[in-house]
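Asker: Here is what each chain is made of, one letter per residue.
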Amino acid sequence: MIQAQKNFKSWYKKLPPEFNIFLVLLGMALLFEILGWIFVGQSFLINKRRLIIMILQVSVIGIIAVGVTQVIIMAGIDLSGGSLVALSAIVAASLAQNSTYSKAVFPHLTDLPFLIPVIAGIGAGLIAGFISGSLIARTGIPAFIATLGMLVSARGAAAWYNNGKPVSFLSDEFTNLGQGAWPVAIFLTVALVFHILMRYTKYGKHTYAIGSNEEAARVAGINIKRHKIIVYSIAGALSGLAGVVTASRAMSAQAGMGMMYELDAISAAVIGGTSLFGGRGRITGTLIGVLILGVITSGFVFLRINAYYQDMVKGAIIVGAVILDQYRNKKLKNKDKDI
Amino acid sequence: MSSNQQNIILKTEGLTKHYGGVRALQDADFSLTEGEHVAIVGDNGAGKSTFIRQVTGVEIPTSGNIYFDGNLVDFKTPADAKEAGIETVYQNLALADDLDVPSNIFLGKEETYFNLGPFSFLNEKKMYKKSIDVLAKTGIKIPNLKIAMSNMSGGQRQCVAVSRSAGFASKLIIMDEPTAALGVQETSQVENIIKNLKEHGIPLIVISHNLRQVFDLVDKIWVFRQGKIVGCVETSKSSTNEIVSLITGVKLGVEEEASFI
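Residue numbers (my numbering), protein chains in the order written: chain E, 1 to 339; chain V, 1 to 261.
Please note that the accuracy of each hint is not assured.
Stated by the list, open to error - Chain E side only, calculated, beta carbon under 7 Å to chain V, not exhaustive:
| # | residue |
| --- | --- |
| 1 | Y200 |
| 2 | T201 |
| 3 | K202 |
| 4 | Y203 |
| 5 | A209 |
| 6 | S212 |
| 7 | N213 |
| 8 | A216 |
| 9 | V219 |
| 10 | A220 |
| 11 | G221 |
| 12 | I222 |
| 13 | G279 |
| 14 | R280 |
What the hints assert, rightly or not - Chain E is faced by these chain V residues, among others (derived, beta-carbon under 8 Å):
| # | residue |
| --- | --- |
| 15 | V58 |
| 16 | T88 |
| 17 | Y90 |
| 18 | A94 |
| 19 | L95 |
| 20 | D97 |
| 21 | D98 |
| 22 | E110 |
| 23 | F119 |
| 24 | F121 |
Please keep in mind that the hints were generated in silico from the structure rather than gathered at the bench.
What you are looking at is a predicted structure, and each value in this text was computed from that prediction instead of being measured.
From the three backbone atoms N, C-alpha and C, an ideal C-beta is built for every residue, glycine too.
With the rest of the complex left out, here is chain E (with noise of 0.2 Å):
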């Protein structure tokens, strides 16, 4: 008997870490799969179209995650990434318009490639994510209040661009990459090419050493600076990205666009893994932690349960994440003070 319970230790620790939040995930499916058949007389899981709005739906939010990710395995935060998705949007679609509408934002620059806009919303992120990291990096103020500036100064952009009016009327080919699988082929695009970045790369490296022990990663002569300042860019970056697909997929832009996807990303990283403490989380979690979020909202949806009561699970979720991150912590310090 407690050889057997000595097998399953050792083989369960051999699991990745992201085996207990896939278990989450699983049992939450199983739990609707269940009251679906129960309540509603029907299957959850098995309805294509469903699973395909639930994976749309969460791309959005899982691009940013990705960035988000990255900010609080360095032990940073931001907040600011679903104003920066409502900037972007607009920076995006007002170089996105069509000839064919008389009152485009710029008259001059309409039908244009699809990729200006795209690398204009991109830019856009990335210069505020620029300027976020660079705040932190040399006047030392908590990232927390650096990005909660951005979060509000970014949405006050937004609505001054276009003097708060939407912008619509966008080329055909700027709107396709919102449409059918798009949203999704770029999110995981983005999940695997910073998976690969954070796993087997110096700046990966660097991005754990800093959150884990900036100090240490200091005095080894890292660059802490303009490193803080590369990740706070590339999450800004990623939010802009996420800003492009939304203008693409809703067709036009304004801007109330993004509003709390932050937080929902933030959630995401953190049910996925990822400790706010720093130098703990994979990308690999906040995909899962994201599909988590997703099969949350769906489920709610599908069993008519009044949205009010989702987004009450949603922040018991987040807090109970926290809690067991931070037992995770303790045990670790605790192991430290026995030897």
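Since the structure of chain E is provided, determine the placement of chain V on it from the hints.
Answerer: Frame of chain E, contents of chain V only:
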């Protein structure tokens, strides 16, 4: 530069550091010759760690000159000092607890396949193999290099921190309280590493509170008191009593069997 200065590896002239109104270090004139092992001793707040921080580029001195390897140097960051050949083991270990052994040993000087700036791909195999060699050189046994540092004992962590510096051929190694938190066995392991460095002729500065260890290991002792260097004595011509009276500034009334821990 005169010929007898050529074998001086590190020299400071009038090195001074003020933190606001606090004079942490004043007019420190220090020198270290090729292959020499010295200790820096002194009471808490005597300026030992401050001195090290100026020499290793962690802080920028208020005034004074530092000569390293015959040149006037001006380290702006720890990376500059490292590049010049100064390796440091810090008091607080300076390990990234969430990373494994090879990542810590190669932190800031990772092996890569080809250079793509920050996005260079890491050559993990090479780092793993080199880590084994580095640890073997220092005689430390760590069963699994691929687990996070936070899962290791204090001794293993210290040994990784020490061998990180000692394992790379460098011109000077500085250790700040390398055995302060260690048990007897682990202390002797670290002392063995230091003796090993002596055999290889690598100069060393060690900060220590343990006078027994200091007398055992080094050639010269520099004594700091209240931000100033108050003496430099050769261990073979000195006694614990002399050092203690230099540390405390009390010449008389020191008991025969006084020891300083």
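Asker: For each hint, tell me whether it holds in the structure or not.
Answerer: Against the structure, the hints:
no., hint, result
1, Y200, "holds, 5 Å"
2, T201, "holds, 5 Å"
3, K202, "holds, 5 Å"
4, Y203, "holds, 4 Å"
5, A209, "holds, 4 Å"
6, S212, "holds, 4 Å"
7, N213, "holds, 5 Å"
8, A216, "holds, 4 Å"
9, V219, "holds, 5 Å"
10, A220, "holds, 3 Å"
11, G221, "holds, 3 Å"
12, I222, "holds, 5 Å"
13, G279, "holds, 4 Å"
14, R280, "holds, 5 Å"
15, V58, "holds, 6 Å"
16, T88, "holds, 7 Å"
17, Y90, "holds, 6 Å"
18, A94, "holds, 4 Å"
19, L95, "holds, 6 Å"
20, D97, "holds, 6 Å"
21, D98, "holds, 4 Å"
22, E110, "holds, 5 Å"
23, F119, "holds, 5 Å"
24, F121, "holds, 5 Å"
Comparing the model with each numbered hint stated earlier shows that all of them hold.
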